[in-house]
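Number of protein chains: 2
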Amino acid sequence: MMETILNLGLNDETVVGLIHRTDNPRFGYDSYRRFIQMYSHVVLGIDAEVFEGQLAALKSERGVKDDLDLAAADLERLVEEYREIVRRERGAHFPQDVEEQLWGAVGAVLQSWNTARAVEYRRIHQIASRGGTACTVQAMVFGNLGRRSATGVAFTRDPATGTKRFFGEYLMNAQGEDVVAGIRTPLPLADGAPGSTQPKETLAAALPECYHELEKLQQKLEHHYRDMQDLEFTIQEGELWLLQTRSGKRTAQAAVRIAVDMVSEGLIGKEEALLRIEPAQLDQMLHPTLDPTVRTAPIAVGLPASPGGAVGRIVFSADAAVAWYQNGERTVLVRPETSPDDIHGMHVAEGFLTARGGLTSHAAVVARGMGKPCVVGCETLHIDPETKEMRVGGQIYAEGNWLTIDGSTGAVIAGQMPLVTPQLVGEFETFMSWADALRSLKVRANADTPKDAEVAKAFGAEGIGLARTEHMFFDPGRLPVVRECLLAEDRETRKRALTRLLPMQKADFKGLFKVMAGAPVTIRLLDMPLHEFLPTRVDEIAETARAMGWTADRVRERAEMLREVNPMLGHRGCRLGITHPEIYGMQVQAIIEAVCDLARETGMESRPEIEAPLIAHANELRHLRAIIERVAEEAISRAGQRVPYTIGTMIELPRAAITADQIARHADFFSFGTNDLTQTTFGISRDDAGTFLKAYGEKHLFPHDPFQCIDTDGVGVLMRWAVERARAAKPGMEIGICGEHGGEPNSIALCHRLGLDYVSCSPYRVPIARLAAAQAVLTTGERK
Amino acid sequence: MMETILNLGLNDETVVGLIHRTDNPRFGYDSYRRFIQMYSHVVLGIDAEVFEGQLAALKSERGVKDDLDLAAADLERLVEEYREIVRRERGAHFPQDVEEQLWGAVGAVLQSWNTARAVEYRRIHQIASRGGTACTVQAMVFGNLGRRSATGVAFTRDPATGTKRFFGEYLMNAQGEDVVAGIRTPLPLADGAPGSTQPKETLAAALPECYHELEKLQQKLEHHYRDMQDLEFTIQEGELWLLQTRSGKRTAQAAVRIAVDMVSEGLIGKEEALLRIEPAQLDQMLHPTLDPTVRTAPIAVGLPASPGGAVGRIVFSADAAVAWYQNGERTVLVRPETSPDDIHGMHVAEGFLTARGGLTSHAAVVARGMGKPCVVGCETLHIDPETKEMRVGGQIYAEGNWLTIDGSTGAVIAGQMPLVTPQLVGEFETFMSWADALRSLKVRANADTPKDAEVAKAFGAEGIGLARTEHMFFDPGRLPVVRECLLAEDRETRKRALTRLLPMQKADFKGLFKVMAGAPVTIRLLDMPLHEFLPTRVDEIAETARAMGWTADRVRERAEMLREVNPMLGHRGCRLGITHPEIYGMQVQAIIEAVCDLARETGMESRPEIEAPLIAHANELRHLRAIIERVAEEAISRAGQRVPYTIGTMIELPRAAITADQIARHADFFSFGTNDLTQTTFGISRDDAGTFLKAYGEKHLFPHDPFQCIDTDGVGVLMRWAVERARAAKPGMEIGICGEHGGEPNSIALCHRLGLDYVSCSPYRVPIARLAAAQAVLTTGERK
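Protein sequences appear in the order of chains A and B. FYI, in our numbering the residues of the first sequence are 1 to 784. FYI, in our numbering the residues of the second sequence are 1 to 784.
Accuracy of the hints is not assured; some may be wrong.
Which copy is meant is left open, because identical chains are indistinguishable; a pair holds if it fits in one copy or across any two.
Pairs of lysine-lysine, DSS-like flavour, derived with a Cα cap of 25 Å [stated by the list, open to error]:
(1) K495 - K699
(2) K514 - K451
(3) K699 - K514
(4) K514 - K59
(5) K216 - K699
(6) K249 - K270
(7) K495 - K249
(8) K270 - K220
(9) K164 - K249
(10) K495 - K694
(11) K694 - K164
(12) K220 - K249
(13) K216 - K65
Rather than coming from a laboratory, the hints here were simulated on the basis of the structure. The structure displayed is predicted, hence computed values, not measured ones.
Please put together the full structure from these sequences, using the hints given.
Right, here's the structure in full:
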């Protein structure tokens with residue numbers, strides 16, 4: 001992962017030998033000084049800046065710009081000054097025993113496995129931390145032996161765009177680290193680099209034989225490895241040496257283009273092409289991102305919850321977001337954490353930043369659903385919505401200040417940073433068509449609104465796997481009616497309120513069905529802790545009281561009665577449907593009538609799948625199924641039309657998974673709700689996990705974050721059990737997944753192995769899921 | 001379940017026939033009027049009082065006291081008046097078609113299955129509601145044919161004490177319903193009834209032949225059924241008819257005595273005797289109860305959460321309970337719901353009454369642990385701790401008013417009701433020794449204090465299966481130090497606070513070990529949502545701020561940061577131990593040092609089992625085990641003594657059960673925490689379940705309350721899986737259960753079938769568990 005190339009085995013004695021052998025004291029002292037600097041930095045941990053400062057001072061004293069203009073004596077003096085730095089910083093002489101140097105260097109390489117950067121890298125890429133790195137010791141060649149020596153890096157194709165052209169940079173009379181370090185500006189290998197306006201001293205011009213040899217070699221290597229290569233080379237006195245070749249890193253756009261090109265070049269097959277792209281990488285292609293060429297200094301780094309870059313003015317409340325939005329301003333919503341009360345602000349903000357919560361917190365889930373950038377769990381921020389201030393690093397940021405967040409890295413940057421929008425190139429469609437032809441898992445999307453459904457369909461969703469009706473309830477125009485309905489102490493008042501909600505819900509569903517044009521739409525009946533709907537602020541209470549003709553005290557008292565200690569495990573989901581059957585009745589009526597209206601108006605036949613959430617016991621579904629069927633059949637017979645609806649349930653509680661055979665008797669389909677299933681299987685609330693999951697990560701207690709990637713040994717076992725039992729009770733039963741995991745490649749592979757029919761994920765993850773589903777066929781070898 | 005004996009088939013015509021046949025017009029009209037009254041009450045739903053009023057008016061008009069003194073003409077007039085009542089109340093003539101009467105009566109019997117009383121009875125006794133009742137139609141005999149006719153009920157032994165004596169009551173010239181209704185006072189069958197001072201007209205004296213026949217018959221019946229019989233008989237003109245015999249209801253005390261007596265009489269064997277007692281019934285014998293001879297009118301009825309009667313003055317806060325207690329007054333703590341903050345008041349109150357919460361709410365669990373009566377979820381009560389008022393049925397009850405609660409029935413009664421304390425008779429010990437000889441499950445107790453441990457030991461506990469250390473943390477003297485420890489922002493401050501807690505914890509553990517005298521003591525390391533310890537009230541915040549040298553704002557802000565949305569699934573259990581290892585370290589040190597001190601002082605060798613709570617993943621236990629072993633070994637080597645400690649974990653999350661084999665590698669023992677396991681398997685918070693579990697009960701959605709009786713199909717499957725996998729990984733591993741279910745007979749039977757080593761329950765349930773464990777051997781036929 002971390003590469004360290006060290007000139008090893010230089011001490012006073014070998015340097016004298018080197019000078020003697022090469023007859024070049026300048027080279028000898030320069031090599032030695034470089035070696036001391038690098039060894040001191042990598043092995044002894046002394047800041048490279050100290051040495052660079054000394055070098056700069058000497059160059060300024062001599063009035064020269066290039067290291068090459070320093071004389072041998074200057075460099076000899078520099079060696080002494082460097083040794084003095086080591087003595088001062090480490091209280092010991094620079095080691096003269098080359099064996100000691102070797103082991104010191106080997107140790108430094110091995111220890112690099114545990115640097116903060118490496119740990120973070122592994123965490124993000126879900127690489128296990130047991131393992132470790134290896135260290136290869138080999139003889140050196142030198143690119144700094146004068147004007148016929150050079151060093152450089154090259155890519156066999158353009159890693160930014162994927163264009164097929166040999167591409168690279170080099171430095172004359174330099175070592176590899178000079179190119180990597182970015183201290184001197186490297187030159188192009190050959191003419192024709194895009195954007196180059198001035199002719200440069202290319203390698204092709206300076207050392208044409210070496211260049212042509214390199215050009216031939218790169219073709220050979222790409223052909224051999226059948227992938228775009230990233231090469232490192234050194235030319236020592238006119239002789240070309242290849243130090244390393246490996247598959248090159250590339251942008252998602254380049255990756256897709258290279259894969260598709262290589263298939264048409266006959267280098268690789270379509271299946272291999274599909275395996276070449278990390279599905280998560282596709283995300284890059286769908287969101288505007290920070291311009292990677294602009295260097296940034298984050299004021300804080302949180303968890304990268306939803307990719308892409310967002311730029312806007314800081315607002316501390318949903319209402320403020322709406323107010324600025326109405327004045328034509330872009331905003332970033334900055335909150336300690338978000339809640340469903342913030343939805344109206346989240347709709348208009350460019351992105352969200354929270355101090356608390358993990359990658360599956362409310363803000364993160366909503367952001368991914370909306371395809372908006374989001375950074376969560378940024379704990380160093382002190383966010384105070386009261387005083388409308390965000391404090392970090394001694395600075396105070398107020399409402400209206402510009403802020404940029406990078407949801408791909410978690411970076412929070414003060415001010416306005418430039419964004420770039422990647423283009424979905426033509427190869428993208430070709431590539432995805434290969435994935436679609438191969439995969440057996442269908443891909444649906446989680447979408448609550450016609451707008452979401454349109455995005456999902458554009459990304460290739462084959463249906464809606466989860467339409468959350470509670471989000472429809474939070475619409476500011478409806479909330480007062482919803483509150484009236486839930487606070488009502490008698491069924492009649494409640495029914496009156498529901499009568500007013502019915503046409504609104506019907507319009508919601510009609511919109512979804514229309515966009516999906518006959519593709520299946522799974523509609524989850526209301527699932528939300530009762531109390532989340534309740535008024536809490538004084539103005540909300542007053543408004544509700546006015547609407548209901550109650551006193552504010554009565555509203556407050558009733559709302560207090562409904563307060564819950566653990567709302568996640570409280571009066572929600574089907575429990576609400578069982579205690580308030582008229583709510584589910586209204587929703588079912590709205591679904592059926594929407595289907596009938598649409599059929600009458602357009603001739604379109606819709607396929608609603610009515611889903612009861614949070615079933616723990618077969619009896620709950622049996623009971624609700626009877627209610628749903630009664631209401632549906634009444635609506636159908638009123639309309640006199642045929643409606644091919646089905647009734648099913650989420651499997652999102654351990655007990656539902658364990659008793660899946662019993663529940664299957666009353667269900668036409670199952671959909672795994674792996675967010676809640678993970679929460680209950682682990683006994684961890686994702687909203688509260690931030691405080692300890694961080695410590696768990698540091699101690700490597702969970703191999704993966706189970707809210708990102710399905711926990712195979714626990715949750716996965718329950719899922720396997722449920723699928724086996726359900727299909728034993730009801731062969732061929734339709735089973736899908738609609739948790740956040742439905743868009744995560746490893747989890748999709750698990751779903752494929754379990755034999756699910758579809759995965760459903762947020763619209764912006766649909767392409768990822770399509771590719772991951774195809775890869776699952778290739779990696780498991782199980783084709784349906 | 002409900003018995004209805006009807007004189008069927010009387011109409012004008014048959015009455016005339018009856019008079020003709022018996023030559024007794026008085027009997028004819030009296031039978032007819034009784035028939036009209038009973039039929040009207042049972043089938044037509046007309047209040048019996050209306051008829052009784054008419055009868056009383058007539059007797060007063062005639063100046064007679066006994067029905068028998070009314071003449072035939074009076075009764076004929078009464079028949080007419082009764083018919084008029086029927087016409088007025090139901091707008092129809094009293095039916096003259098005997099077939100119509102018959103079907104009306106049969107329908108009434110069948111409908112009795114669904115009366116509120118029957119539904120409630122089934123709920124309490126966990127009888128499924130599918131099923132129904134049967135109705136037998138048979139010919140009548142008449143106990144009201146004059147002075148040589150009679151009717152009565154009898155028990156073959158005393159149902160109150162179990163004493164072996166024939167015992168019963170009868171009425172001359174009467175029908176069965178007269179005895180049951182309690183309108184006329186029945187007479188004893190024979191002399192010698194205890195407490196009878198005046199000679200009465202006994203059946204033995206009045207109809208000696210019948211009495212002796214009855215006496216012989218009862219012996220024969222008891223011998224035949226080998227159980228105490230409850231008989232109903234009628235004498236028609238000197239001829240004895242037995243209407244019914246069945247096993248008689250009896251008090252727990254009588255049940256034990258009868259069982260033990262019957263074994264010594266050779267009627268039944270010991271094993272049959274053990275099956276004769278419902279284990280839950282033993283609870284009666286351990287608590288003072290309301291005097292059953294005193295009639296009560298409850299002002300409200302809640303859920304019976306912890307048995308026994310409590311009488312005291314109403315207090316609305318824990319502090320008020322303490323204040324009244326210090327003035328020598330008994331109190332009943334009345335709260336919307338209780339929390340750990342109320343513990344000091346719960347210690348001094350006689351019993352607890354809450355408006356919210358179910359049978360496993362905080363109040364209920366604490367009450368059963370303390371052996372105090374408790375009624376919970378009494379939702380008709382409006383309890384306002386602010387105004388110190390309890391409102392129900394238009395009445396207001398204030399602090400200091402007397403209140404009685406019956407934790408065996410859920411009744412709440414205004415005023416002071418008399419209590420009786422059952423005696424643990426000698427037969428009890430004999431009986432329990434048979435149970436102990438038979439059972440293979442060990443029985444331990446959940447006890448946190450030496451006092452609890454003593455009670456448990458007296459009831460036969462063979463160890464402590466769960467000592468909850470967080471209860472020790474809530475002691476008012478320690479809470480400020482605990483708060484300091486948890487609020488601390490650095491490890492040093494925290495360690496200083498822990499240093500002060502160490503000697504307190506050590507004393508706690510030493511006390512437990514001393515009482516248990518070498519029996520195993522499972523100590524669960526701290527498990528409590530972090531935030532439950534935090535100060536919330538202004539005075540608590542001020543006090544904490546003073547103690548820590550912080551500003552109140554800083555304390556409030558820090559406490560707010562630690563607030564959780566779903567504390568049950570939050571930063572608690574081993575998660576607290578992992579993020580704050582010094583807390584568990586202090587506890588382990590205290591355990592080991594307590595063992596060593598006690599060994600030095602008394603030579604006693606204690607057996608601590610150190611238990612980590614809320615493990616979800618094997619890595620958590622691996623990590624904690626290393627910490628525990630390090631601290632323990634350090635303490636052991638400091639003391640230079642041998643300490644035979646073991647390290648294990650609760651299995652209380654679905655994931656722990658599923659991956660029990662992986663966890664077993666790091667555990668010496670397992671203990672099922674079925675409270676949390678049920679909560680997470682169902683996704684139901686017991687604190688919030690009250691609002692919907694009631695509706696579930698009415699709709700029969702769950703066969704049992706899963707928090708009372710282990711859910712075999714869900715939680716039970718996880719337990720079986722865990723036992724099989726754990727023992728496969730580590731043969732013979734010790735596995736127990738310490739949830740509330742550990743004291744529930746059906747759950748104990750399941751634990752026996754699963755092959756657990758022990759159950760652990762609250763001290764007052766230990767005898768129940770001992771008996772249930774023995775019964776499990778008999779009913780499953782599986783002996784270890």
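Okay, the hints, checked on the actual structure:
1. K495 - K699: Intra 53 Å, inter 21 Å, cutoff 25 Å: inter-copy only.
2. K514 - K451: within (11 Å within a copy, 70 Å between copies)
3. K699 - K514: Neither. Shortest intra-copy (50 Å) and inter-copy (38 Å) distances fail the 25 Å Cα cut-off.
4. K514 - K59: neither (72 Å within a copy, 81 Å between copies)
5. K216 - K699: neither (48 Å within a copy, 80 Å between copies)
6. K249 - K270: Only inside one copy: K249 and K270 sit 20 Å apart there, 80 Å across copies, limit 25 Å.
7. K495 - K249: Classified as neither; 60 Å inside a copy, 48 Å across copies.
8. K270 - K220: within (21 Å within a copy, 91 Å between copies)
9. K164 - K249: within (15 Å within a copy, 93 Å between copies)
10. K495 - K694: between (47 Å within a copy, 22 Å between copies)
11. K694 - K164: neither (43 Å within a copy, 70 Å between copies)
12. K220 - K249: within (19 Å within a copy, 96 Å between copies)
13. K216 - K65: neither (35 Å within a copy, 128 Å between copies)
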